[in-house]
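Asker: Going down the list, the sequences are from chains A and B. Sequential numbering of the first sequence, starting at 1, is according to the working numbering. Sequential numbering of the second sequence, starting at 1001, is according to the working numbering.
For the record, the hints were derived by calculation from the structure and aren't laboratory data. There's no promise every hint is true.
[Claimed, not checked] Below, a list of computed lysine to any residue pairs in the SDA-like style, where the Cα atoms sit at most 25 Å apart:
hint	chain 1	residue 1	chain 2	residue 2
1	A	Lys285	A	Ser200
2	A	Lys285	B	His1201
3	A	Lys285	B	Thr1194
4	A	Lys285	B	Ala1088
[What the hints assert, rightly or not] Listed below are several chain B residues computed to face chain A (Cβ distance under 10 Å; list not exhaustive):
hint	residue
5	Trp1018
6	Pro1022
7	Gln1041
8	Val1061
9	Ala1062
10	Asp1063
11	Thr1065
12	Gly1077
13	Ile1105
14	Pro1107
15	Glu1108
16	Asp1160
17	Gly1165
18	Ile1168
19	Ala1223
We put the CB at the ideal spot given by N, CA and C, even for glycine.
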Amino acid sequence: MTMTQPDVLGLWKELEARVAAGDRFAGLFASFATQGHAVTLSAHVATAGDVDTMEVTLPPGAAGYPALTPLIGAAFWYERVIHDQFGLVPEGHPRLAPLLRPGYPLPRHVEGYGLFTIPHGPVRSGVMESIEYLVETPGEAIPHLNMRVFYKHRGVESRFTGLTLSDGVLLAERTEGIASVAHALAFCHAAERVAGCEVSPAAALVRVLHAELERIANHLDVAVRLADAAGLAVATARMALHKERVMRLVSRMCGSRFGRGVVVPGGVTALPGLSPAELSAELDKLSRPIAADAAALMATSSFLDRLRGTGPLTPARARQHGALGPIGKAAGFADDDRLARPYDAYSSLGLEPGRAHAAGDALARLRVRWEEVDSSFGLLRRAADDLSAERAADPPLVPCEPPSGRAVGWAEAPQGEVLYDVSLQEGRIVRCHPRSASFHNLVLMHEVFAGDILTDFPFIEASFGLSVAGVAL
Amino acid sequence: MSVWVLRGLRDGVVTTRWPAKPDAYDDAWRGPAQVTGPADQGSTDRHNDLTDLCPTGAITVADGTVRVDQGRCILCGRCVTERPGVFAWSQGATGPAALAREQLIIPELPETDAAVQAARARLAERTRALRRSVHVRHVDAGSDGSEEWEIQALLGPVYDVHRLGVFITASPRHADVLLVTGAGAHGMSVPLRTTYDGMPHPRVVIAIGTDAVSGGLLADSEATTGGVGATVPVDIWLAGSPPSPFGILNALLIAVGYLTPEGRRSR
């Protein structure tokens, strides 16, 4: 549902009221209006069962607009991106430094005797994505952290323009490579909404299979990084082994270790290369050792000591920001698209809401991930069972040739909700705005260092489990 | 802690024996597209313009010869699905590593051989000095994040590069080999170049993945250089979107002179 407002402040007030009433602020971006050079601001609001778009077109030639950030803090990075892309000044924005474009050195946030800044990145130790953390510290504590994410800005968003749908989904898969399936799903959901087409039940189940295996692989990756940070060599190796086995299962199903080339507008390209019975057997072989090793890890006190109380996000902040995925769930704010706005086969697979958490620390985030791994295996088994019945005869792909139009699509990635706002004209993409959970959540890392010291840094970063590719786009 | 000792023994040795022994997973791997037939093979009404088939422009047709630039192939499989008589998947993860960029264009162009010979001579000089044990530095120059996962997989128990004398190092000062991923984001040009300049001689640069080789889908983006070759001199080009861990391992072993690009053990 799209609604337009005549003036910016009126829209912001309405947005603020809706967020106060329980809706979730899900994004803000700018685009050129369909006619002329005026700029349209579009805000996304996640409601019960849908994502609404609220729009206002600025007067032509406007150099700025009243900022949203003072009213809704979660717009902080979104408005910096708008400033980068359009040169529009959000008046009243607290810190309008460039985010996606190279910026000047940031002034230090904290002043005082003996304070210095540790620049960490963009080339960091180990095999990591490029990002620069500027750690302001008196030596051990971290009173403030700055992030510069522009280094790997790849121009993904503008690259979508002009692509056909079949090329667009390939780019969506590469927008955030470790959540390829979720991005492809969100993109296809938008396209399918424009076309008004419904995928076959078999295709919907295959999509769930790939999305949940992707979730398990990502959560295991977080476990690898946390165990590695704690110096637990065997636990690191065990978790890496499980992750490799999950990725090999994915590649047996579709030929790609990241589930690429499966999800396309209108369904999936093919049924899995494994029969549902074989798949169930493989799932059994995976789930028990993973559960056993997870239990052992969660009983290793030297490991838990590093996570407990580390990088806490308060439930109030999580709610206010609309924190997505495991980060939100660990702080008591659970807005899982699979439950709140179900898509594909999720509504029929009986997904239960997870346990409530409130600690918001790295330990709670890992607990949420293990619970999600557990529920993912449940979903996978039921999806495999459903697929084995009469579904094999379903067409994996139905025609999906959308006319012109615009729609928002979403999917729950391992990191949280992925949102795609796609505008199409005669089968080609006019504009596509992807918003990853990584982008929405990473800004929260500014706020979780209360009382934590430098050696907690790798734990906090790993426990967020985000991808810089999805942030810098 | 004893619980972890026992857990570590649970599955026995899970490490691959490759390259000493073949690995079934490596052999079954689906690599970039290759050309298997003439341009008019199985032609239909649709897709008679083969060059239009590829989202990254990897397919060229000149004088009736169809060529695929595997360095541009993102393994979407569209050409294999639409024109199975002309294109097929290549098999094996350890296929598409090349010493010269044009070597990834198949079938081979006439001038490729000379370029490969020259590149081989340049590389051989350096690999001799590396003496088969290297420290590796990785730089992400605008990847989608998947290549990092596949490099990290090499450190896990299944691939375990340590057994082959390959170690990841934090400092470029200690590095012999530079692994570069990503399409060449402008923001990473200076950090990448600085890292390269900080490495001692001799040094070997490997471009990991189709994005690093050619930019992939982001080749024409205003925010990338369309591959990392514009910023650092690449010695080994590895296609794949992303390449499998076996592919990356293969490229590393070529860099240290353990394997030749043809897959032979060099003794």
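Asker: Decide, hint by hint, whether the structure agrees.
Answerer: To see whether the hints hold, each was checked on the structure:
Taken as a hint, the lysine 285 of chain A and serine 200 of chain A pair is broken in the structure, with Cα atoms around 29 Å apart against an allowance of 25 Å. A distance of roughly 47 Å separates the Cα atoms of lysine 285 of chain A and histidine 1201 of chain B; the hinted pair therefore is violated under the 25 Å criterion. As the CA atoms of lysine 285 of chain A and threonine 1194 of chain B are separated by approximately 46 Å, the hinted pair breaks the 25 Å bound. The straight-line distance between the Cα atoms of lysine 285 of chain A and alanine 1088 of chain B is roughly 33 Å, outside the 25 Å bound, and the hint therefore fails.
Given the 10 Å rule on beta carbons, the hint for tryptophan 1018 of chain B is violated: about 14 Å separates it from the nearest Cβ of chain A. Proximity of proline 1022 of chain B to chain A is violated relative to the hint, the smallest CB-CB distance being about 16 Å (cut-off 10 Å). With a least beta-carbon distance of about 22 Å to chain A, the hint placing glutamine 1041 of chain B at the interface is violated under the 10 Å criterion. About 20 Å separates the beta-carbon of valine 1061 of chain B from the nearest beta-carbon of chain A, more than 10 Å, and the hint is not met.
Checking alanine 1062 of chain B against chain A: minimum C-beta separation of about 24 Å lies over 10 Å; hint violated. This hint is violated: aspartate 1063 of chain B has a C-beta 28 Å from the nearest C-beta of chain A, more than the 10 Å allowed. Taken as an interface hint, threonine 1065 of chain B does not check out: its beta carbon lies about 25 Å from the nearest beta carbon of chain A, beyond 10 Å. This hint holds: glycine 1077 of chain B has a C-beta 6 Å from the nearest C-beta of chain A, less than the 10 Å allowed.
A distance limit of 10 Å between C-beta atoms decides the matter here; for isoleucine 1105 of chain B the minimum to chain A is near 21 Å, and the interface restraint is violated. For proline 1107 of chain B, the shortest C-beta to C-beta distance to chain A is roughly 24 Å, which exceeds 10 Å, and the interface hint is violated. The interface hint given for glutamate 1108 of chain B is broken, as the beta carbon of that residue sits about 26 Å from the closest beta carbon of chain A, more than 10 Å. Given hint, aspartate 1160 of chain B at the interface with chain A, holds; its Cβ is 9 Å from that chain's nearest Cβ, closer than 10 Å.
The beta carbon of glycine 1165 of chain B comes no nearer than 18 Å to any beta carbon in chain A, farther than 10 Å, and the hint placing it at the interface is violated. Hint status for isoleucine 1168 of chain B: holds, given a least beta-carbon distance of 6 Å to chain A, under 10 Å. Checking alanine 1223 of chain B against chain A: minimum C-beta separation of about 3 Å stays under 10 Å; hint holds.
Against the hints set out earlier in the document, violations occur for numbers 1, 2, 3, 4, 5, 6, 7, 8, 9, 10, 11, 13, 14, 15, 17.
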